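The lines below spell out each chain.
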Amino acid sequence: MELHALRAHQLRELLDKGEISSVELTKSLLARIEAVDPAIGAYLSVREKEALQEAEAADRRIREGRDVGPLTGIPVSVKDNISVDGSPTTCASKMLEHYISPYDATVVARLKAQGAPILGKLNLDEFAMGSSTETSALKLTRNPWDLERVPGGSSGGPAAAVAADTAVLALGSDTGGSIRQPAAFCGIVGLKPTYGRVSRYGLVAFASSLDQIGPMTKDVRDAALLLAAIAGHDPLDSTSIPGEVPDFAAELDKGVDGLVIGLPKEFFGEGIAPEVKDAVLAAVRVLEGLGAKVQEVSLPHARYALAAYHMIAPAEASSNLGRFDGVRFGHRAKEAEDVVTLFEKTRQEGFGLEVKRRIMLGTFALSAGYYDQYYLKALKVRTLIRQDFEKAFQQCDVLATPTAPTVAFRIGEKWENPLEMYQSDLLTAPANLAGIPAISIPCGLNGEGLPIGLQLLGPALGEGLLLRVAAAYEGATGGVESRPKPRLEVE
Amino acid sequence: MYEVIIGLEVHVELSTDSKIWCGCSTDFGAEANTQVCPVCLGLPGTLPVLNEKALEYAVKAGLALGCEIAHFTKFDRKNYFYPDLPKAYQISQYDLPLCRNGAVEFEVNGETRRVRIARVHLEEEAGKTVHSGDNIMGSEYSLVDYNRGGIPLIEIVTEPDIRSPEEARLFMEKLRTILLYTGVSDCKMQEGSLRCDANISLRPFGEAKLGERTEVKNLNSFRALQRALEYEVRRQSALLDAGEPVERDTRHWNEQQGVTISMRSKEDAQDYRYFPDPDLVPVTLTAEQIETWRSELPELPDQKAARFMEQFGLPKYDAQVLTASKEVAAFFEATVERFGEPKTVSNWVMGEILRLIKEMEIDIEQEPIPISPEGLAELLALVSKGTISNNVGKEVLETMFKTGKSAAEIVKEQGLEQISDTGELEALVDQVIAENPGPVEDVKSGKEKAIGFLVGQVMKASRGKANPQRVNEILRQRLLGS
Chain A
6 MELHALRAHQ
16 LRELLDKGEI
26 SSVELTKSLL
36 ARIEAVDPAI
46 GAYLSVREKE
56 ALQEAEAADR
66 RIREGRDVGP
76 LTGIPVSVKD
86 NISVDGSPTT
96 CASKMLEHYI
106 SPYDATVVAR
116 LKAQGAPILG
126 KLNLDEFAMG
136 SSTETSALKL
146 TRNPWDLERV
156 PGGSSGGPAA
166 AVAADTAVLA
176 LGSDTGGSIR
186 QPAAFCGIVG
196 LKPTYGRVSR
206 YGLVAFASSL
216 DQIGPMTKDV
226 RDAALLLAAI
236 AGHDPLDSTS
246 IPGEVPDFAA
256 ELDKGVDGLV
266 IGLPKEFFGE
276 GIAPEVKDAV
286 LAAVRVLEGL
296 GAKVQEVSLP
306 HARYALAAYH
316 MIAPAEASSN
326 LGRFDGVRFG
336 HRAKEAEDVV
346 TLFEKTRQEG
356 FGLEVKRRIM
366 LGTFALSAGY
376 YDQYYLKALK
386 VRTLIRQDFE
396 KAFQQCDVLA
406 TPTAPTVAFR
416 IGEKWENPLE
426 MYQSDLLTAP
436 ANLAGIPAIS
446 IPCGLNGEGL
456 PIGLQLLGPA
466 LGEGLLLRVA
476 AAYEGATGGV
486 ESRPKPRLEV
496 E
Chain B
21 MYEVIIGLEV
31 HVELSTDSKI
41 WCGCSTDFGA
51 EANTQVCPVC
61 LGLPGTLPVL
71 NEKALEYAVK
81 AGLALGCEIA
91 HFTKFDRKNY
101 FYPDLPKAYQ
111 ISQYDLPLCR
121 NGAVEFEVNG
131 ETRRVRIARV
141 HLEEEAGKTV
151 HSGDNIMGSE
161 YSLVDYNRGG
171 IPLIEIVTEP
181 DIRSPEEARL
191 FMEKLRTILL
201 YTGVSDCKMQ
211 EGSLRCDANI
221 SLRPFGEAKL
231 GERTEVKNLN
241 SFRALQRALE
251 YEVRRQSALL
261 DAGEPVERDT
271 RHWNEQQGVT
281 ISMRSKEDAQ
291 DYRYFPDPDL
301 VPVTLTAEQI
311 ETWRSELPEL
321 PDQKAARFME
331 QFGLPKYDAQ
341 VLTASKEVAA
351 FFEATVERFG
361 EPKTVSNWVM
371 GEILRLIKEM
381 EIDIEQEPIP
391 ISPEGLAELL
401 ALVSKGTISN
411 NVGKEVLETM
421 FKTGKSAAEI
431 VKEQGLEQIS
441 DTGELEALVD
451 QVIAENPGPV
461 EDVKSGKEKA
471 IGFLVGQVMK
481 ASRGKANPQR
491 VNEILRQRLL
501 GS
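So the protein lines, in turn, are chains A and B.
Under our numbering, think of the first position of the first sequence as 6, with each following residue one higher.
Under our numbering, think of the first position of the second sequence as 21, with each following residue one higher.
The reader is advised that the hints may include incorrect statements.
As a list, the in silico PhoX-like pairs of lysine-lysine whose alpha-carbon atoms are at most 25 angstroms apart [claimed, not checked]:
id	chain 1	residue 1	chain 2	residue 2
1	B	K148	A	K350
2	B	K148	A	K361
3	B	K98	A	K385
4	A	K385	B	K94
5	A	K490	A	K144
6	B	K208	B	K148
7	B	K94	A	K382
In short, the hints are calculated from the structure, not lab data.
Computed from a prediction, not measured in an experiment: that's the story for all the values here.
Input sequences plus hints: build the corresponding full structure.
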C-alpha cells in the first residue's frame, strides 16, 4: 500500500521502526496531492517547503529518540480557517485571499510542538458558512466518491482530502455539523469535541459559542490520537475547559457490553432518507449484537434546534465578522472617498452571498426591539435542548442518530434554496447548541455507492465513550480495510 | 432662571501594567503601534483573556465610591464600526455592571453635596485616531495608533444629581482625588486617562419633569468641563426664554471658540446591538474576595479628613485642604509625627508649602515634594526655639525648596541665626535711637505706634536677624522705662 493511504497509527509503527522517514511520507503525500487534488480541489494552499523542513526536523527527533510523540513526523492538514504562522488563512473568502496569519492557532502550535508537519490548508465554505463547500469564494471541492457531488461542508476540504488520501489526518471545525456532515458525505470519521475541550484560539470565529475544532480521520483510532494531541486547557481561550485530558486511545478496546444506546425518536422522523435510516438502524443492531442495550428516548425540543441555531449562529457571526473592515488587514476597497464608503465597499466586495445573508440575519436578530423576540428566545430554546440531552443521558450512555438526512447531494442541487441547504444541519446542530461531543463514522453505502454516516452523541466530556462505541462498531464491521474506498478516475 | 440638571459619564483608564485582554504594555507615549499584538489588533482567530488586575482595580474603584459589588457579572459586546475599534465591537458591560449604587460627597461653599453613582463598569479602551482634517469624514486621511486599544477602562455614571457647572467641576475634582488615593489610575486629564462627558438639561424651578438634555463631549480639563456647561446653561436658557425647544443631541466642546457644536441628533442614535460576549465567561466574585480587596484599600480622603480633625484637632477647612492630595496629607502627617504642633504644621503646609509647590509648578503626583518632612520639622524646630524668626523661616524654606539644603545648613551659611544676645541687641537699639530722634520723641510723647517703626529699623540694621520681641522689650525699657 502507498504511504499516503495508511493511517497515522500504522505510520507511527513504520516511523518508529525506521522503515520509513517523515520526509518520504510527506513527499508521498505531496505527490498524491499533485496527482489527485486537481480533480478534487481540497487544498487552497500546500506548505511544500515548510512541511518538508518540519518532516526533516521530525526525522531527526525520531532518529535521536528525543521527544517522540504519537504524531511526530505524521503530517496534518488543516481547514483554512485555522491560523498557521506565515501561511495564508483565507477562510475561503475574497476578504482574506491574501491574508497571511502572523501567529499559530493553539492546535497548530501543539501539533508543531509534537513534530507533526503541517501539510497545507483545506477548502471550506466561506467563513465556514455552508453545508456543501460551494460557498467557498476560492475553489470548488468535489466529493471523491462522485465528482459531481459535494463533499459536504463546511469542512468539505478536510473530508475530501482524507477520503482521497491526500491527507493522513485533518483538522476541521464544527459550528452546526461542519465536521460531521462532510465526514458522513465522504465516508470518514469526524469528531466534534465537547465545547471547550479544544482551544479555539486561532480559529477564525464563525459563532463563538458553538465553534469547536476537531479531528477528521480515516479511522477511529486516528481520531483518538489527533484529539489527544490538540485537546486540553489553553490559557489563551477563556472558554477552554481546565483539567487533565484522558487517554482516549485507552478507551478504544473496552467494548460496548452493557452500555445503553438511546435512539432519539425525533432524529428518525420526517426528512430523513429511508436508506440513511436503514443503514443507521443496521449499525445500531451491530452494536446491540456486541452487548449494548438499545432504548428509544425523546428529545422533545430538538425540533426547535435548527431554528435556534440559525438565530444564534448568525447573531454571533454578525459581530465576529465586523472586524473585516479594510482598515488593518484583508481586502480593502480601492478609491473609497471616505471611511464609511471604505467600510461599505470593502464588505460589499469581500464577502460572498451566504456570508452577507447571515450577517444580515444576525444583525436583525440582535437589533433593538427584536433582541428579546429572536436572540433571547433562541437562547431559551438552547437551554431547553441542553436539558433534554441531560435527561436523555440519565437513561442512556450514548445516543445514535443519522449524521445527515441524506447522502451527498449534487453540486448546485441546493444552491438556489438556502432553506433546504440549512436542513443539512438538522441532526448535527443540536450537539453544538448543547455543547456536547458527537462523532460521525461511516456505516455503509447506499445503492449508488455513496457513504452514509452514523452519528453518536455523548454527554459533556464523553469523547472517550464515543470513541469506544465507534471503535467497537468499526472493529465488528471489519475495520477500514474491509470498507470500500472511493475510486478516483485519475488513478 | 432655570434649575440646572447635570449627570456625568466619566471614563478612567486603569493603571495596570498590561492591557485588559492581552499582555501588551500600557505605557503612555510609546511610538505609534509598537504596543500591539494579534489580540489587541483583533486579528482573525484571536480571543480575549481577562486581566485579573483590571478586575481588581475596577472593584477597588467601585468600593472607594461606596458601591455595591456584583457577585455575578459578565461582559457584553457593543457593536459599531470605527477605525480605532479593531474588532468592530467594544467589550463592555451592559445590563450587569460590576458596581452599582455608590455616592461621592464634596463641599460646595461650605455645604456638603452628595452625588449618587449609578454604576461603574469595566470595558476596554479604543485606539487613537488622528485626522488630517477636522474630523474623520472631512479628512484626506486619518491615522490610527492602537497602542491605547485594549487598555482597561472604567466608566463611572452618576445620577443626574449635579446642579451647576461649578458643582460638576468640584465633583470631578473630588472623584479624581478619591481615585488617586486608591492608586487604580493616574487620572491624568491631559493624557486622557481621566475624561468625562456631561448630560445637561434645564427646567423651571419647581417643575418635576426633566427638560430635554444634550450630551457634551471633549471635556479634557476641569476648566473645559465648567466652561462648556456654563455655555450650555446660557444656550439652553436663551432657547427656553425664547420659547424654543432644546433639541436632544450630542455636542462637541470647542475650547478655542468657547462654544459647543452639535455633532449628531437623536435620530442618528446608533443601535449597538449589545449581546453577551461568547468569548468570555461570566465573572463570579465571592464576598471573601471583595472583602479582601476592600481591606487592601488605603484610607480614603473623607476618612482621612475626619481623622485629622479628630486626632489633630484641625479645623474642617484645614483637614479638607490637606487631604485633597494624598501626597500633601502624607507630608503633613509625617511632619507632625516628628515635630508635633499639628496646627502650626498645617499652617506651614497650607500656606508656604502649597504656595511654593504652585509657584515652582511642581507636579507632586509625579515628582516628590522637594523637601522632606524631616526637613520641615527641623526648620520648624529652629523657628520654635527662636534660632530664627518666623519670617526668616519662610525665606529659609524657599531656599530649601530651591537648593535642597537643610535648614540648619542654610541658617549657618547665611548667618541667619536670630540675635537674642542682650548686649548685641542693646547696641543696635542705641544706634537706632540715636539716628531717629523724631520717632523717638513721638514714642516718648505717647504715640506708641511709632515703636513699630523703630523695631523695623533695628530689624533692618540687623538684616532681619534680631529677635523682634526682644528688640521691642529693650526699646520700651529705653524709651518708656517699662
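Name the hints, by number, that the structure is in violation of. 2
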